[in-house]
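S.K.: Residues per chain, in single letters:
There are 2 protein chains.
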Amino acid sequence: MITFDVLARDGLARTGRLHTAHGTIDTPAFMPVGTAATVKAMTPEALAATGARILLGNTYHLMLRPGAERIAALGGLHKFMNWPHAILTDSGGFQVMSLAALRTITEEGVAFRSHLDGSRHLLTPERSVEIQRLLGADVTMAFDECTPYPAERHAVEASMALTLRWAERSRRAFVDRPGCGIFGIVQGGVHPDLRHRSAAGTIAIGFDGYAVGGLAIGEGQATTFAVLDATVPCLPADRPRYLMGVGKPADLVGAVMRGIDLFDCVLPTRSGRTAQAFTREGTLNLRNARHADDSAPLDRACRCPACTGFSRAYLHHLAKSGEILASILLTQHNLTYYADLMAALRQAIAAGTISELAAIWQSVSDRSSNQ
Amino acid sequence: MITFDVLARDGLARTGRLHTAHGTIDTPAFMPVGTAATVKAMTPEALAATGARILLGNTYHLMLRPGAERIAALGGLHKFMNWPHAILTDSGGFQVMSLAALRTITEEGVAFRSHLDGSRHLLTPERSVEIQRLLGADVTMAFDECTPYPAERHAVEASMALTLRWAERSRRAFVDRPGCGIFGIVQGGVHPDLRHRSAAGTIAIGFDGYAVGGLAIGEGQATTFAVLDATVPCLPADRPRYLMGVGKPADLVGAVMRGIDLFDCVLPTRSGRTAQAFTREGTLNLRNARHADDSAPLDRACRCPACTGFSRAYLHHLAKSGEILASILLTQHNLTYYADLMAALRQAIAAGTISELAAIWQSVSDRSSNQ
Numbered sequence: 001m002i003t004f005d006v007l008a009r010d011g012l013a014r015t016g017r018l019h020t021a022h023g024t025i026d027t028p029a030f031m032p033v034g035t036a037a038t039v040k041a042m043t044p045e046a047l048a049a050t051g052a053r054i055l056l057g058n059t060y061h062l063m064l065r066p067g068a069e070r071i072a073a074l075g076g077l078h079k080f081m082n083w084p085h086a087i088l089t090d091s092g093g094f095q096v097m098s099l100a101a102l103r104t105i106t107e108e109g110v111a112f113r114s115h116l117d118g119s120r121h122l123l124t125p126e127r128s129v130e131i132q133r134l135l136g137a138d139v140t141m142a143f144d145e146c147t148p149y150p151a152e153r154h155a156v157e158a159s160m161a162l163t164l165r166w167a168e169r170s171r172r173a174f175v176d177r178p179g180c181g182i183f184g185i186v187q188g189g190v191h192p193d194l195r196h197r198s199a200a201g202t203i204a205i206g207f208d209g210y211a212v213g214g215l216a217i218g219e220g221q222a223t224t225f226a227v228l229d230a231t232v233p234c235l236p237a238d239r240p241r242y243l244m245g246v247g248k249p250a251d252l253v254g255a256v257m258r259g260i261d262l263f264d265c266v267l268p269t270r271s272g273r274t275a276q277a278f279t280r281e282g283t284l285n286l287r288n289a290r291h292a293d294d295s296a297p298l299d300r301a302c303r304c305p306a307c308t309g310f311s312r313a314y315l316h317h318l319a320k321s322g323e324i325l326a327s328i329l330l331t332q333h334n335l336t337y338y339a340d341l342m343a344a345l346r347q348a349i350a351a352g353t354i355s356e357l358a359a360i361w362q363s364v365s366d367r368s369s370n371q
Numbered sequence: 001m002i003t004f005d006v007l008a009r010d011g012l013a014r015t016g017r018l019h020t021a022h023g024t025i026d027t028p029a030f031m032p033v034g035t036a037a038t039v040k041a042m043t044p045e046a047l048a049a050t051g052a053r054i055l056l057g058n059t060y061h062l063m064l065r066p067g068a069e070r071i072a073a074l075g076g077l078h079k080f081m082n083w084p085h086a087i088l089t090d091s092g093g094f095q096v097m098s099l100a101a102l103r104t105i106t107e108e109g110v111a112f113r114s115h116l117d118g119s120r121h122l123l124t125p126e127r128s129v130e131i132q133r134l135l136g137a138d139v140t141m142a143f144d145e146c147t148p149y150p151a152e153r154h155a156v157e158a159s160m161a162l163t164l165r166w167a168e169r170s171r172r173a174f175v176d177r178p179g180c181g182i183f184g185i186v187q188g189g190v191h192p193d194l195r196h197r198s199a200a201g202t203i204a205i206g207f208d209g210y211a212v213g214g215l216a217i218g219e220g221q222a223t224t225f226a227v228l229d230a231t232v233p234c235l236p237a238d239r240p241r242y243l244m245g246v247g248k249p250a251d252l253v254g255a256v257m258r259g260i261d262l263f264d265c266v267l268p269t270r271s272g273r274t275a276q277a278f279t280r281e282g283t284l285n286l287r288n289a290r291h292a293d294d295s296a297p298l299d300r301a302c303r304c305p306a307c308t309g310f311s312r313a314y315l316h317h318l319a320k321s322g323e324i325l326a327s328i329l330l331t332q333h334n335l336t337y338y339a340d341l342m343a344a345l346r347q348a349i350a351a352g353t354i355s356e357l358a359a360i361w362q363s364v365s366d367r368s369s370n371q
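These protein sequence lines are chains C and B, in that order.
Those letters in the first sequence? Residues 1 to 371, by the numbering used here.
Those letters in the second sequence? Residues 1 to 371, by the numbering used here.
Some hints here could point you the wrong way.
Identical copies look the same in the list; a pair holds intra-copy or inter-copy alike.
No more than 20 Å apart at the CA atoms, straight line, and that leaves these computed lysine to aspartate or glutamate pairs for DMTMM-like [to be verified]:
hint	residue 1	residue 2
1	LYS320	ASP340
2	LYS79	GLU219
3	LYS320	ASP117
4	LYS248	ASP294
5	LYS248	GLU281
6	LYS320	GLU126
7	LYS79	ASP293
8	LYS320	GLU69
9	LYS248	GLU356
10	LYS79	ASP26
11	LYS79	ASP294
12	LYS320	GLU157
13	LYS248	ASP117
14	LYS79	GLU323
15	LYS248	GLU152
16	LYS79	GLU152
17	LYS248	ASP5
18	LYS248	GLU45
19	LYS320	ASP26
20	LYS320	GLU219
Hint data in this document are derived by calculation from the structure and do not stem from the laboratory.
Construct the entire structure; sequences and hints are all you get.
M.R.: Below is the structure:
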């Protein structure tokens, strides 16, 4: 069982506290992605210094390497990666779907071949939940089919129905532990009536929190927001809401204004490794030659080590030279930027000024191009 | 001018303090290599946490990218890379020699093409010293020709004589600054009489410290030590002695016992990026499958984050997965190991027990294979 308190509201946006076996998370919160038992280029200390208090682990990657039973024998994922704070694990559903030619979906689950060595595996709702238990997840995700986009309505409907049947099996397989919970996932593509049926069916099963899945996979921000407008009001007000795989800063702001509490996305970490930095002046490409002689910090208002210790010229030099330190510093900066955005949103909600903050962030977003 | 105090002696080994514009270095000391204005995979904070108080910067790499004048305009190398402690820069001589087909040596200097873009450059003693001044080096190295090994005696002799003429030009070009100095480099291959002549000529010019160059390039440890036995006693007792490009832990121990004070080598950093770890049990290859389930720390006696926070199983997983964190943790471990080795040598010299310590390290070295 996992508990959640809503603290303040501003329109549909709300602040809250998610209480887990590994600490309390102030929401809205962004969860950095730690695919292979590490948030790429970050030590646990550096990650915690960004403000992160929950990260996402990937069932698919960890079941293949190093293996869920191995991590369990070594004391669980928290101990394995030396992360004392909370962990949410995905179900593996999204990754196995994306294997395309390497997988087969049946009522039982998904049979697939490993992208690492071609070995055969079967992931079912029961096995996914078992793996997440072996990892020691604070938040387990139900095993779902992430419906592709675009897709015919009948395919979206069938997929949504399968996800509901898998949700029931996932819920049944989940073993309750103190401070741990399981979230269900609402699917249904871009069709409001299917989202409504999915939400109702998922709520009827009963979960500790509810995720909105199958978005940010090509449908565009306006459609994402429209689906949230249709879906979030169907979800229980006293339970956390998680928008999976989203997104850019402006996506997060818009989703928070529509009542979302939790996010995950590889964008800040992946961007950090390709020399893209999110700043209060917009997104910067540190490889651009115009930074070569710039003694200014990356972002004057940022508290992170990249901004307080170095110039844009230095970060440019590291990026051009392919130095690991470029990935370290820019990842830490981007995660700090995301954490500070979430903190600013929480403050604005508490102060009742979320609309003003959203307008400012929208203007930053408008200025952003690959500078 | 740079000052050096000898504090204690045990046989030929001695402890000392090198006083620079950026702090005091306890010797014997190991200098991590920061080729491209970063010690690869290390933040400055992580590097300082290993115990390092001086690092080596590479004139060749920095003159090509980002350029010495650019670094000077940005406030010098210390500010550029946010390293508040001391920096020794090499002269570029070793790197341009290794360009082989891309360079031409004349009395004037070395004409070469950049390995980055093929652009043409000329490195002379005067330009090398000027670049090191632009970088803001605490310790400048004279421009030398690193004699290849093996080489005919007449070639070694001619090379040594050229290095002496370049040493005189380097010394003349050096502009004295408080807390900064210039070191001469003794060459002469594996020939004791040439080493004697090189040492006498270099000392006659007069430097703040003396390096032994042209070793650890294939001649083997016994020959390295024999050259040190022939060379070090020729050097002034009150000046720091630097063995360039060395080496493995057992090489350092043996060289300290022969009176060397300073070292640099890419081995601990490069090894860290290829999953090789120096430990009190010998060298370990973390990619080896035998570590996959090992919950023990890398080195029980080590104080570094890799050893206090993680298991060998985790480090193995990171290495197998190609994760940046493997490079971060293993580099920090190896540099901590080297720093702690130097600290142990200093303590043993002060206590008069260097021979006992050397015997212990020799036994570790004997046990080391790629486990």
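S.K.: Could you run down the list of hints and mark each one as holding or not?
M.R.: Evaluated hints:
Taking CA atoms no more than 20 Å apart as the test, LYS320 paired with ASP340 passes in neither setting, with 28 Å inside one copy and 33 Å between copies. For a Cα distance limit of 20 Å, the shortest separation of LYS79 from GLU219 qualifies neither inside one copy, at 38 Å, nor across copies, at 46 Å. Taking the shortest alpha-carbon separations for LYS320 and ASP117, only the inter-copy value of 13 Å comes in at or below 20 Å, while the best intra-copy value is 33 Å. Taking the shortest Cα distances, LYS248 and ASP294 never come within 20 Å of each other, neither inside one copy (26 Å) nor across copies (40 Å).
Taking the closest pair of Cα atoms, LYS248 and GLU281 come within 20 Å of each other only inside a single copy of the chain (15 Å); across copies the shortest separation is 48 Å, beyond that limit. Taking identical chains as interchangeable, the C-alpha atoms of LYS320 and GLU126 are never at most 20 Å apart, the minima being 47 Å within one chain and 28 Å between chains. In this homomeric assembly, LYS79 and ASP293 come within 20 Å of each other (Cα to Cα) only across copies, at 14 Å, whereas the closest approach inside a single copy is 43 Å. For the identical chains of this complex, LYS320 and GLU69 are inter-copy neighbours only, at 18 Å across copies versus 41 Å inside a copy, given an alpha-carbon limit of 20 Å.
Taking the shortest alpha-carbon separations for LYS248 and GLU356, only the intra-copy value of 19 Å comes in at or below 20 Å, while the best inter-copy value is 60 Å. In this assembly of identical chains, LYS79 and ASP26 lie within 20 Å of each other by CA distance neither inside one copy nor across copies; the values are 23 Å within and 37 Å between. Taking the closest pair of Cα atoms, LYS79 and ASP294 come within 20 Å of each other only across two copies (13 Å); inside a single copy the shortest separation is 42 Å, beyond that limit. With identical chains, the CA atoms of LYS320 and GLU157 are never at most 20 Å apart, being 48 Å at best within one copy and 41 Å at best between copies.
In this homomeric assembly, LYS248 and ASP117 never come within 20 Å of each other (Cα to Cα): the closest approach is 33 Å inside a single copy and 36 Å across copies. Proximity of LYS79 to GLU323 under the C-alpha cut-off of 20 Å is restricted to the inter-copy arrangement: shortest distance 18 Å between copies versus 29 Å within a copy. Within a single copy, LYS248 and GLU152 get their C-alpha atoms no closer than 27 Å, and across copies no closer than 64 Å, so neither meets the 20 Å cut-off. Taking CA atoms no more than 20 Å apart as the test, LYS79 paired with GLU152 passes in neither setting, with 44 Å inside one copy and 58 Å between copies.
Taking the closest pair of Cα atoms, LYS248 and ASP5 never come within 20 Å of each other, the shortest separation being 26 Å inside a single copy and 57 Å across copies. Taking identical chains as interchangeable, the C-alpha atoms of LYS248 and GLU45 are never at most 20 Å apart, the minima being 25 Å within one chain and 30 Å between chains. Neither within a single protomer nor between protomers do LYS320 and ASP26 lie at most 20 Å apart by alpha-carbon distance, with minima of 37 Å and 35 Å respectively. Proximity of LYS320 and GLU219 under a CA criterion of 20 Å is satisfied in neither setting, with 34 Å inside one chain copy and 36 Å between copies.
Hints 1, 2, 4, 6, 10, 12, 13, 15, 16, 17, 18, 19 and 20 from the list above are not met by this structure, while the remaining hints are.
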